[in-house]
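**Student:** The chain contents come next:
Protein chains: 2
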Amino acid sequence: MASEIVILRLGHRLPRDERISTHVALVARAFGAKHIIYTGQHDSGLESSVLRVGASWGGNTTITYEKSHSKVISQFKKEGFTVVHLTMYGMPITEKIEEIKRKEKLLIIVGGEAVPGEVYQNADFNIAVTSQPHSEVAALAIMLDRIIDGKELTRGFDEFFKGKTRIKPNERGKGFY
Amino acid sequence: MASEIVILRLGHRLPRDERISTHVALVARAFGAKHIIYTGQHDSGLESSVLRVGASWGGNTTITYEKSHSKVISQFKKEGFTVVHLTMYGMPITEKIEEIKRKEKLLIIVGGEAVPGEVYQNADFNIAVTSQPHSEVAALAIMLDRIIDGKELTRGFDEFFKGKTRIKPNERGKGFY
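Residue numbers (this note's numbering), protein chains in the order written: chain A, 43 to 219; chain B, 43 to 219.
Chain A extracted, bound-state conformation (with noise of 0.2 Å):
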């Protein structure tokens, strides 16, 4: 299983993508990536709802701006990176899991709108989660737990992020430990 997951959002815009780039953020923390680079605008009320995630549910998910994806990409190439491009146009996951999975390091790019044709041709792998239409958000969401084996799906996984809040699982409402 890979040791290092950092995710690579690209072209984030203001107001227009201020929660989907939340949730992209979110699902990348809670489904076990260590790390999470976005392009764009920059955004310090995205910052920040990670950091306070992290603050209160644990984990030490971490969040930086760049300005450049091609900067951010040649130089995790460089660190031994294996570059996955989430994109409906790709091979289908089902088809390269196994070889994904092996890797040590992964930077996972998930695109905005209009992704420049040098990010298809950069990336090691292109990977479409479905080939239609949905979200950047499931997309991830399913490469992340295809990944990590569904782990983030256990109570063990839970535990993992030692948080001061933690959610103890309800048939009928809502409980804390």
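It is possible that some hints are incorrect.
Since the list can't tell identical chains apart, any single copy or any two copies may satisfy a pair.
[To be verified] Derived pair list, reagent style DSBU-like, types lysine-lysine, alpha-carbon separation capped at 30 Å: (1) Lys-216 <-> Lys-120; (2) Lys-206 <-> Lys-119; (3) Lys-138 <-> Lys-206; (4) Lys-76 <-> Lys-138; (5) Lys-147 <-> Lys-193; (6) Lys-138 <-> Lys-216; (7) Lys-193 <-> Lys-138.
Just so you know, the hints here were simulated from the structure itself, not pulled from any lab data.
From a predicted model like this one, the values you see are computed outputs, not experimental measurements.
Could you slot chain B onto chain A? The hints should help.
**Tutor:** Using the frame of chain A, we list chain B on its own:
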């Protein structure tokens, strides 16, 4: 496997939920749901987004607005649907999925801000896709993925939609059939 899956999205608010609810609806479609119902504010833009995607990409997922979620829930229960409410406060999906998968007809509720207690009470299952805060879009995707055994990820599922527009999976760019 469930033969009929309907999604109920609660408390849609404009403009705040515009994109999130659209992502919820498109995930519902791409992951095999037959019909989407939403409550909250009526939004013809949301409805036309779903219909526009269907017109081009195929399938026959429909979407309707309802004023009262309670009425929807009790009506579907009467029609023999099992009601599954997605909430991070619920029971881990891994512990209930086998039981849920055996049900013929499912109404899956995707919450909004401040879900009323009666929804927790009236649901047959309250299910957590992780007990961490992340995204209703991701939670729905993982839930449907598990219900339909990952079928949405294979090329065969694409043929199910029989859309005018169909992507030809590509290692490095974009292509269509």
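**Student:** What label fits Lys-206 with Lys-119 when the C-alpha limit is 30 Å: within, between, both, or neither?
**Tutor:** neither (36 Å within a copy, 38 Å between copies)
**Student:** Which holds for Lys-76 with Lys-138 at a C-alpha limit of 30 Å: within a copy, between copies, both or neither?
**Tutor:** both (22 Å within a copy, 29 Å between copies)
**Student:** Using 30 Å as the alpha-carbon threshold, which applies to Lys-216 and Lys-120: within, between, both, or neither?
**Tutor:** Between copies only: 26 Å across, 46 Å inside.
**Student:** Give the relationship of Lys-193 and Lys-138 under a CA distance limit of 30 Å: within one copy only, between copies only, both, or neither.
**Tutor:** So Lys-193 and Lys-138 pass the 30 Å test inside a copy (19 Å) and across (16 Å) alike.
**Student:** Could you figure out if Lys-147 and Lys-193 sit no more than 30 Å apart (CA to CA) within one copy, between two copies, both or neither?
**Tutor:** both (18 Å within a copy, 28 Å between copies)
**Student:** Evaluate Lys-138 and Lys-216 at a C-alpha cut-off of 30 Å and name the case that applies: within, between, both or neither.
**Tutor:** Between. Shortest inter-copy distance 17 Å satisfies the 30 Å Cα cut-off; intra-copy 39 Å does not.
**Student:** Taking 30 Å as the upper bound on the Cα-Cα distance, should Lys-138 and Lys-206 be classified as within, between, both, or neither?
**Tutor:** Intra 38 Å, inter 27 Å, cutoff 30 Å: inter-copy only.
Hint 2 alone, counting from the list given before, is not met by this structure.
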